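Relying on the hints, combine the two individually framed chains into one complex.
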Amino acid sequence: MMMLLKKLASLRLTLVGMILLAVLAVVGSRSADIGTDITVVPLGILVANLLAALLTNRSFRTQTGLLVFHVGLLLVFACIGLTVLLRYDGHVEVLQGGAFDAGQVETVEQGWWHDNRLDKIELYQGDVLVNYLPGLNRQDTASTFEYRAASGELRRITVGDTRAASVNGYRLAATFNKGFAVLLQWTGTDGKEMLGALHMPSFPEFDWKQVSTWTTPAGQQVELELVFDQSVSDDRAHWTFGRTDMPYSVNIAIAGEPQRSIRNGDSAELAGGVVRVEGLRVWMAYQIEFLPFLPWMFVAAVLAIIGLALHFATRVLPVSTPAGSSVEEDDYGHVARA
Amino acid sequence: MVMSLALERQLVLIAVAMLMIATIVQFAGLVSGRAAYRPTAALYAGVVLLLGAAIAGRWMRENQGPFLTLYDILLSGVFSLTLMYLLISVTLPAVRGGSLVTSPLLLILGVWLTGVSELAVPLPGAFRTPWLWAHVLSGKLFLGFCLAAAATASVMLIRGAALGEWSSRLTPFPEQSEKMIWVLFFAAFICHSVMLVAGAVWAHSAWGHYWSWDPLETWTLVTWLMLGGTLHARATFRNMPQGLGHVLALATFAVAFLTFFGVPFFSIAPHKGLM
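One line per chain: the protein sequences are A and B, in this order. Residue 79 in the numbering used here is what sits at position 79 of the first sequence, and the numbering runs on without skipping anything. Counting from 1 along the second sequence, just add 1000 to a position and that's the residue number in the numbering used here.
It should be emphasised that the hints constitute simulated quantities derived from the structure, not laboratory data. Source: prediction; values computed, not measured. We put the beta carbon where it would ideally sit given N, CA and C, even for glycine. Hints may contain errors.
[As the list claims (entries may be wrong)] Some chain A residues near chain B, calculated using beta-carbon distances under 7 Å: (1) LEU11; (2) MET18; (3) HIS91; (4) ALA237.
Looking at chain B on its own, in the form it has when it is part of the complex (with noise of 0.2 Å):
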């Protein structure tokens, strides 16, 4: 039995409607300091459920997985996001402030999803090669791990900014949090290396250039730059102030971001075949 797309689109948009309330749950428990972690995990495994089956039914529909337009960049982002946010907050509990971070972004992207042509592209026949699952699978751990680290670095920039009671609560044990942001910091480099050298190897053996200083590879070269660069500024000077280290950490997400969802699609070549 093959899922409709009627069928996927409800899945879709009841999991974007979870993300709403779990982006809710976390600001009225900042306002009435009451517990929002659990009820957000819970709204979190459900969205994750929920697009997995929307992407299951679709990879069974289309006979491809979510790797070429836009609907299957963010569909699989936003599932993957979630899902990767979801496994790293329940295993270190440091990290569970950000989720206020977390929910409203989650929720652009997945208001975002809801806004664009469901409509499947055939894949290229570049695409079928076990390097793309490489490359694909390093790139969403690695934009886990930085999603992860730089929610933590929000949370701790909002703590260090002293705006209140409430602000400390965010990361009740702060030296545990900022220990795991720079702990998933370095996970998030050692994916976006694998990503990278499987991504050349893939680009090799698709359109015979293992690298061709497009805007997405140049981006995510700069993205590995600014991982590898605060990463040594750290070691560098050990004086850094913390909130430094955040907004560092903050802004290599913020490039990372960018590059993943928005640079492949004012790159017409290199990622969707020539005719």
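Chain A on its own, in the form it takes in the complex (with noise of 0.2 Å):
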């Protein structure tokens, strides 16, 4: 068993995992066929390496910064390890003035172990806010909503670019997605009465193209397009994203049959219906995403940093000034001076 740790422990071994590692990372990231989650074999070979090391290698007992570090560094693999197993990361979109619907949210990654509690989630859009410099350049985000704490209270936080807010454990961050949604009434011919909203293409990205597809309740696909008055960003000014009251309409399209304009507050006689448009608002896209290992994977990594500094100043640099080898400044004052 020894023997076989000893081998496990080669330092020859750590930098065949360090090549391997370096070379599948950059192989990895470059195609999406072969995807970074190959990198976990080479950080396999690394951590059991590693792991054997601590065991059976005598210079760590007497080199304390180099042990601190590499104990920290298996505590940032070993939190690595935990945060695949229990992650979540995705998106979701959420309607200003409306409530967080953990069905709409678009699962990115989510680990084996992950415990799902995002319907547990209870959350209100309120306003969204975007500065915007001249050339369209992405200034301060400010998005408020209204959450349900696990004390039972509502409150109420403003999120934005290095802000984000922890709700039921997931950590709900802003991104740069958001743009406007259409609220639509829809009466259908049997008399019953729907509210929903269309969300239009990420603003002021899609701004040429403010189109979405739209499927009403009698089964008919209709295609509609929002049209400001007046253009709403501006590249040569600063102007912010987030106002709803600036004049619009809606252009109806169905494949077949001549395009129709309603402005707010019109209805559009549709196949089984009748759509009315309700009004403006914008849309807010958020990250969310549940590490619970990253503090300590950042402890961890530190911790590592602080062995590294501490071997080197009880073993870098006393071996690299011995007493006495000290050289006067004049002897390399020049370089031809031999």
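Here it is as structure tokens:
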């Protein structure tokens, strides 16, 4: 067993693991077919190698800094592993004046051990303000919402570029992605009424194409285009995204029919019912994340750096300047006076 | 009073001219066998003062630090590399022979700087965090230490090639220079580790991902692995030829240099903020 551990602790294996990690990181990140998950292989080798080295390598017992660095590194690996198993990463668009709907969340990644509790989130979206400088240069983002805290009270928070919210253990961060939504009232021929919102593409990224396809409750496919009377974004001046009081119209396009245009409060007759434009809202996209071991990963990384600094101060510096070997500056004041 | 762009340009041009003189002084010293470090150090001090003034003036005029555009990164890069090398070489005489390598390298960066647009781009909101400062400062320290180590390794390689008496004169005390390479290399490793951690914290607060395998992050990891791998190799193979260690130190600096000055401009999203 000890022999096996010693072989596993080989410094040569460390170098092989490091070279393999560097190569696979570059190859995996450049090729979607291979992907970066392949780096798990060299990471696994390095973790086993490091663990075995910590158990068998005697030099760690006499070099505290080196020991702290490698323990810190091992803890970073452990936190990465736990993060991969427990993580959640998703995106959701929430309508101004509307509530968070767990069913609308698009999951990007979910760890095997993640206990999904998104349906417990109670959140109501408020105003969104994003300031732009000339050249469509995005500045500060301020998205306000109310959420039900663990204590049961309803709390209001404004999140932005460097501030996120923690709701039911999930981290909600405002993204650059946001846009307009048209509120639509549908009245079927049977008299049933429904209110909904049609999200338009991200703004101002797609300000030239504010078109979305909607399937009415009666099953008809309709293309709706949001057209502002005057341009909302301005490439040459300061402007703010988030206003909804600008005059606009909604173009309705149905295959094989002439295009119609209706304004706020107007109705249009469609197959199986009548649609009425009730108003304009904005939507905000959030990144939802669950990474419970991230703070510990930071602590472990800081520990590793402290270990490196300690090793540098106690082992590397003293060796480089042994007593009596200092060289007078004049000796090096030139390159040629030899 | 705010410094005009025209004055900033003049300061940069004079600084680049001084780097050109430093390069000529170095090669002239090599050919003639005359002392070259002191005049080079004086020229470097002038470059630091001029570029420091240019950065301060630009900072006050634009009301933001040099963090975003290629011009900003080159301006702060030439300033910090010159300052770091000057401080290191003044403190550690054994690395002074490296001026032969740092002078033309800094000159290339300086000439590149004069050819790019000085137009300032407003910083996105995500850049207004102290973690950006920690990330950038540790990055500058890393590259400064790495430059000094690589420059000294280069002249040691030249010495090792035994090209003549002149090559020996570059490092009159090779044992001390050899030790300094690895002290500086280790310091670079610590600073690079701090830069990685601070960058991950910043990226998480700004873009929601502490690590996203974009080209800049991937090549930064490769640089870290090369730093760690080189130090590991020296510890593992005690009989490793000195020259191989120098080549590894040089290769690490080359990858770091390309990561700093090349990759950010092929990778559009990570460091520029999205619309």
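Violating hint indices (sorted, rising): Hints 3 and 4 not satisfied by this model.
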